[in-house]
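Protein chains: 2
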Amino acid sequence: MQKGKLIATSLGPGDAGLITRKAWAVMQSGALWCYPVRRKGGKSHALGIAERTGIDMPADALELVFPMTHDSEVLARAWARAADKIVPVLQAGRDVAFLVEGDASTFSTFTYLARYVQNIDADIGVEIIAGVPSYNAAAASTAFPLAETDDTVAIVPAGYGLDELDALLPHFDTLILMKVKPLMDGIIDWLEARNLLIDAVFVEKAGAPEERIVRDVALLKGEKVNYLSLMLVRNPNRKRGEVIRGCKKKDT
Amino acid sequence: MQKGKLIATSLGPGDAGLITRKAWAVMQSGALWCYPVRRKGGKSHALGIAERTGIDMPADALELVFPMTHDSEVLARAWARAADKIVPVLQAGRDVAFLVEGDASTFSTFTYLARYVQNIDADIGVEIIAGVPSYNAAAASTAFPLAETDDTVAIVPAGYGLDELDALLPHFDTLILMKVKPLMDGIIDWLEARNLLIDAVFVEKAGAPEERIVRDVALLKGEKVNYLSLMLVRNPNRKRGEVIRGCKKKDT
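From first to last, the protein sequence lines stand for chains A and B. Position 8 of the first sequence, counting from 1, maps to 8 under this note's numbering, and the rest follow consecutively. Position 85 of the second sequence, counting from 1, maps to 85 under this note's numbering, and the rest follow consecutively.
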């Protein structure tokens, strides 16, 4: 018998309109839906995006618990448990659609899950459907060009600190600062000292219905922002080196 | 009368399945399709993606010529001409769907076009629909995790040279090297010298039907690759600093 495929079904950052046609087709293909939660019975962002399309969660959809922790042993146990749950379904020939917020290759746990599944049964195929990352949705909402011709872009969890940002700034036209929450005040001071306040925009829950945009980021000083917050920063002062260019063949 | 909206309709990197549901709806909304070409009557990548869905190009679809040049005066004239063509349509109340390959905020000329349009008529609204960037599709095709928890990612046109890559490498878990064509041999030597050949993958025309993946990138030495080529490089040796973490509220 043909085994089922494990399909990373990227749903984009929150807007049901940003689900790709391919992910949308998989959702309706009869594949078993799986969705991640932080604890048993908890809310799932990914499932929420799927439901916002207007189609109901299939009765047999499967919740997979991945605790919010950086403890690698706890995580390993969670991935192993999740793999144990879905491998029999795959071996019985049914596809499994693992619903992923954003893009499955970007800050997602899908890679780990796939590894555990293929460790149990190497014959199980894995397909990854790419999705729209949250910061691309944030850029679209704010008409913020992430990259123009020959621009450089860094995607950096803000938690590495302001010294790291200072090290990177000269090299990049755009900084995408992820998870800015714990460092908001420091980042605002950092931007101010470098005259970059005007080149920054703050986006909370990019692409989701509750998306919040703050262009005057200094207003956020002292405010506790949501965990799902990022900042886009343009650096108008990057000194560009010479660019070695390829030649595009005409009309190809 | 209500003016039409200029809609950046991101179509993703090439696979018609990676068009978002929102872009798909705009394509069928009666909005005027516009698509970029390099020269009059030339081939349009963006239009090709739209046509791969199986729907025909509307008879009134409008070609906009943006020459392949870095001459800013030539480009400015092209944007001005394009804006002149579509502003009357918008002013007459019809939406205009500018078809964009990949994501409209990432290495796209949409920002410029929108600026020229709003310079002519500041009342015209602009909407940007985010799309899947080519490197996310490349990551999905190759099961290459662009970013795991707390990872850092740099998106860099390879043309800035190998010294620049050396400067960035210690800071990043993943390098996304764009437009690798003119520097292929140098990059291969660079990867080899740093023991990174095994952590790199080459993708030509990511997400398009002609997508080509080369995992043993050393095989490409001396080969002339396509202009639309990128390389994904994992850096397993990044020394991580301490990460300052936010606390995610439970179940939000």
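It is worth saying that the hints were derived from the structure and are not from the lab. Keep in mind that a hint or two might mislead.
Said to hold, decoys possible - Partial pick of chain A residues on the chain B-facing surface, computed with a CB cut under 10 Å:
hint	residue
1	W79
2	K85
3	V89
4	F107
5	I129
6	P133
7	E148
8	A167
In this text the structure is predicted, and so the values were computed from the model without any measurement. Cβ coordinates follow ideal geometry from the N, Cα and C atoms, glycine included.
Status of each hint after checking the structure:
At about 13 Å, the closest approach between the beta carbon of W79(A) and any beta carbon in chain B exceeds 10 Å, and the interface hint on this residue is violated. Evaluation of the K85(A) hint against chain B yields a violated restraint, the C-beta minimum of about 21 Å exceeding 10 Å. Taken as an interface hint, V89(A) does not check out: its beta carbon lies about 21 Å from the nearest beta carbon of chain B, beyond 10 Å. For F107(A), the suggested interface contact is upheld, since its CB lies about 5 Å from the closest CB of chain B, less than 10 Å.
At about 6 Å, the closest approach between the beta carbon of I129(A) and any beta carbon in chain B falls short of 10 Å, and the interface hint on this residue holds. Hint on P133(A) holds. Least Cβ distance to chain B is approximately 7 Å, under the 10 Å limit. This hint holds: E148(A) has a C-beta 7 Å from the nearest C-beta of chain B, less than the 10 Å allowed. Residue-level restraint check for A167(A) holds (minimum Cβ-Cβ distance to chain B is 7 Å; threshold 10 Å).
When the structure is compared with the earlier hints, violations turn up for hints 1, 2, 3 and for no others.
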